[in-house]
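Each protein sequence line maps, in turn, to chains A and B. Just so you know, the numbering used here puts the end of the first sequence at 337, numbered straight through with nothing missing. Just so you know, the numbering used here puts the end of the second sequence at 674, numbered straight through with nothing missing.
Calculated directly from the structure, the hints in this document are not laboratory data. Just so you know, not all the hints are guaranteed correct.
Straight-line distance between alpha carbons at most 25 Å, and here's what the computed BS3-like set of lysine-lysine pairs gives [as the list claims (entries may be wrong)]:
| hint | chain 1 | residue 1 | chain 2 | residue 2 |
| --- | --- | --- | --- | --- |
| 1 | B | 431 | A | 125 |
| 2 | B | 431 | A | 94 |
| 3 | B | 516 | B | 464 |
| 4 | A | 127 | B | 431 |
| 5 | B | 349 | A | 125 |
| 6 | B | 630 | A | 125 |
| 7 | B | 516 | A | 127 |
| 8 | B | 462 | A | 127 |
Owing to the predicted nature of the structure, the values given are computational and were not obtained by experimental measurement.
Protein chains: 2
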Amino acid sequence: MAGASEFDVIGKYFAPLAADADGAFGLTDDAALLPSADYIVTKDILIAGVHFLPRDRLDLVARKLLRVNLSDMAAKGGRPTGYFLGCVWPMSVKERQIAAFAEGLAVDQAQYRLPLYGGDTTVHKAKGAPLTLSATLFGAPARTGMIRRNGAHHGDDLYVSGTLGDAGLGLRALTKAEKFPAADKSYLVDRYRLPSPRLTLGGALAGLASAAIDVSDGLMNDAAHIARASGLAIDINAGALPLSTAAAAWLDAMSDRSESFAALATFGDDYEILFTAPQSMRRAVAMAGQVAKTPIARIGTVQRGEGVRLIADTGDEIETAETGFDHFSRAVQPGKT
Amino acid sequence: MAGASEFDVIGKYFAPLAADADGAFGLTDDAALLPSADYIVTKDILIAGVHFLPRDRLDLVARKLLRVNLSDMAAKGGRPTGYFLGCVWPMSVKERQIAAFAEGLAVDQAQYRLPLYGGDTTVHKAKGAPLTLSATLFGAPARTGMIRRNGAHHGDDLYVSGTLGDAGLGLRALTKAEKFPAADKSYLVDRYRLPSPRLTLGGALAGLASAAIDVSDGLMNDAAHIARASGLAIDINAGALPLSTAAAAWLDAMSDRSESFAALATFGDDYEILFTAPQSMRRAVAMAGQVAKTPIARIGTVQRGEGVRLIADTGDEIETAETGFDHFSRAVQPGKT
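Okay, chain A solo, but in the shape it has when bound (with noise of 0.2 Å):
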């Protein structure tokens, strides 16, 4: 990038997906100017060799930092309207890059037409600085509020979108500690490396789940926290749990049900929303999926206590050694998320 300046590169690259944006004046300015209304906030920060492979294509993750952020808007039943961008690139990025990167963030702003308000972007000169990406996302709440996670009721049933396991398998494969077939493989690291929010689904949950989160931690870290923030506790069936053909396959193949069934459940980077609903809600969760074109599978029970269990069709508790992915005590391993 020797020569190029941050206004150079914001000009080029940044401003063209600002156009849309009435109040980003073209990031011409210090700050913008966002119109009166209510606003759902939430930031996601992507980084190398954390949250994604340090080789992978900037469009692609350009597309999974907007859509991490969009699962989370999803999982609260908003409407997204914009987003604010942090960059801090490493010394060693090349300009065509910088416009991948833009490119990848286009595509994914006209698929959910979500322009750019403004932002901050830099460059760090020391070695090994990782390539490191913020989002700050801004939608509009649906006319029953936020889906919050402290609303889940004793006797709710849980409910996960989606497949589950597929993104974590799909590291494994990339990761080359596991061999998948062709097909399987491309599946899954698609699902790792580019998560679909269900924001039609959210929208559908608004006023009807009683609590919601989005799958990002693994499923038994993302339940705990609807437990936790609900004071109650759940019980998951491992049996119920949604697997596509590609992780029905890998789990057929493990010699350790029960040790793969921990490992799906709490594999990050799903994306799905899980849910609570009152069990009179049934019929209209069933719709809301339907409405969503969403497959939505029924997988637990929210009960008096603490604690998240995982429950085999033999009735006994699956250990999970680990609740998930934590970001403060590892990072992407082979063979280890």
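Following the hints, complete the assembly by docking chain B onto the known chain A.
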């Protein structure tokens, strides 16, 4: 930080900082909910080794993080209402450092009545990964709207608050490239480490200043932002630059006065407000300064044309080889910034 999880750290150190923020939900949810309003939003990143020195005390770094964002808000005439925080800690971080960082945030949150609304906290394992901090600050615009960069008119006066160049000299003193008397060094270093956002002045300038920006990239560079956005040129009188006693003493001791003026005009990190206003507003501007108890100096004029010129008392233009602190072309280096 062995043993402590992201959630422990958030609960212990960051949740108390969100106690006064209604829609922050004690940092126990995925997102925050901001009440219905117009919002000015600004986002600035600070990186160890670029924007502060790796050995700087983390309570001061925390306060600088808030203050550089508050300075943007001040220049836009806004009143800050809350912020989101992003932290990427190096693996080597000690819990007492996180505690010191949170303590610094608490001090300035109290001073500026600025609750924490949410954010993301993570750790990077890679050797050499620098502490990286990001804040997204929200505020209310003045009744007359946000002060923009692009409103300067031909014939307007150019003003700056406080004094210029202190922070740059403070950085030189810290990096030992230059010697200063002890009292001067202490003053200059404080100006580098702990800027004073000019919030009261910014509020008083709303509806009065035709354009404004805070001086973060250096006077020449930030004046160029106003000039470019307004489609005009700016002439700055070097002799009119407001200097502290310490900076004036430094200037007097220099052999090449023009070169020294050029340095003062291109140092970054002053976090003063640079603004334009019609000549008819001179009394009103002076009163705004008095109300805000902030010195204001008239240092130049807005002209037809383009670019920014620094002019000596002789009438000659002073060459400024570099147009300020550019995060894409260099980092903190002894004697270079």
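Consistency of the hints with the structure:
no.: 1; hint: 431(B) / 125(A); verdict: holds (24 Å)
no.: 2; hint: 431(B) / 94(A); verdict: violated (34 Å)
no.: 3; hint: 516(B) / 464(B); verdict: violated (33 Å)
no.: 4; hint: 127(A) / 431(B); verdict: holds (22 Å)
no.: 5; hint: 349(B) / 125(A); verdict: violated (33 Å)
no.: 6; hint: 630(B) / 125(A); verdict: violated (40 Å)
no.: 7; hint: 516(B) / 127(A); verdict: violated (30 Å)
no.: 8; hint: 462(B) / 127(A); verdict: holds (14 Å)
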